[in-house]
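**Q** So the sequence lines, in the order shown, correspond to chains A and B. Counting in our numbering, the first sequence runs from 92 upward without gaps. Counting in our numbering, the second sequence runs from 4 upward without gaps.
It cannot be assumed that every hint is accurate.
To be verified - Calculated lysine-lysine pairs in the BS3-like style (CA-CA distance at most 27 Å, straight line):
no., chain 1, residue 1, chain 2, residue 2
1, A, Lys160, A, Lys140
2, B, Lys47, A, Lys197
3, B, Lys17, A, Lys140
Worth flagging that the hints you see were computed from the coordinates, not collected in a lab. Predicted model only: the values in this text are computed from it and were never measured.
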Amino acid sequence: AQSVTQLGSHVSVSEGALVLLRCNYSSSVPPYLFWYVQYPNQGLQLLLKYTSAATLVKGINGFEAEFKKSETSFHLTKPSAHMRDAAEYFCAVSEVNRDDKIIFGKGTRLHILP
Amino acid sequence: NAGVTQTPKFRILKIGQSMTLQCTQDMNHNYMYWYRQDPGMGLKLIYYSVGAGITDKGEVPNGYNVSRSTTEDFPLRLELAAPSQTSVYFCASSYSTGGITEAFFGQGTRLTVV
Chain A
92 AQSVTQLGSH
102 VSVSEGALVL
112 LRCNYSSSVP
122 PYLFWYVQYP
132 NQGLQLLLKY
142 TSAATLVKGI
152 NGFEAEFKKS
162 ETSFHLTKPS
172 AHMRDAAEYF
182 CAVSEVNRDD
192 KIIFGKGTRL
202 HILP
Chain B
4 NAGVTQTPKF
14 RILKIGQSMT
24 LQCTQDMNHN
34 YMYWYRQDPG
44 MGLKLIYYSV
54 GAGITDKGEV
64 PNGYNVSRST
74 TEDFPLRLEL
84 AAPSQTSVYF
94 CASSYSTGGI
104 TEAFFGQGTR
114 LTVV
């Protein structure tokens, strides 16, 4: 069964600094991978997704993630943090051509320091 | 553009009461999901459905029931509410033809059991 591990339940970065949120996955078949963002009291919004095309995926709001099969990782990065990036971020996995249920990690809350 | 609509947004239940959380989507998606979100625990999959008439258990199905009589609707039933079911519930939908699109989420239902 697929699973996702997000390292760090809280991450703090200064405004303008690099954002790096870590995600490792476990899957017995090729995965689809997703990053979602959740702003306070809202639902989840898709940031980006990997679906077996390019390994470097660009998303909304300047975020990108790189799929590394050898490391079973799908880390999320942004070169320069903005105050508006403060939110909770979820990594998720689905197994291609399986029952397609989507399994989420526990989330990482990103804090932006002025 | 309604997307995924959940009702109610907030509800307080007494222990032992029952209720149904409603979810409807207008995107003709075949897959629908129910998740619960607890602080620091990410999203846990309760039930999911791959199409009308088909449902399956997720990670935490105990205490819940679902049905999928139409493509659009996927209600979640709590029969005997318990304090452990205090949570935020999210409904989501996606489209799959052997590899899913991303999941689209509703705004959530905040349920408190007292």
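**Q** If a hint holds in the structure, say so; if it does not, say that too.
**A** Checked hints:
1. Using a Cα cut-off of 27 Å, the hinted pair Lys160 (chain A) and Lys140 (chain A) holds, with the two alpha carbons roughly 15 Å apart.
2. Between Lys47 (chain B) and Lys197 (chain A) the CA atoms are separated by roughly 9 Å; this keeps the pair inside 27 Å, and the hint holds.
3. Simply put, Lys17 (chain B) and Lys140 (chain A) have alpha-carbon atoms about 40 Å apart, too far for the 27 Å limit, and the pair is violated.
When each numbered hint is compared with the structure, a violation occurs for hint 3 only.
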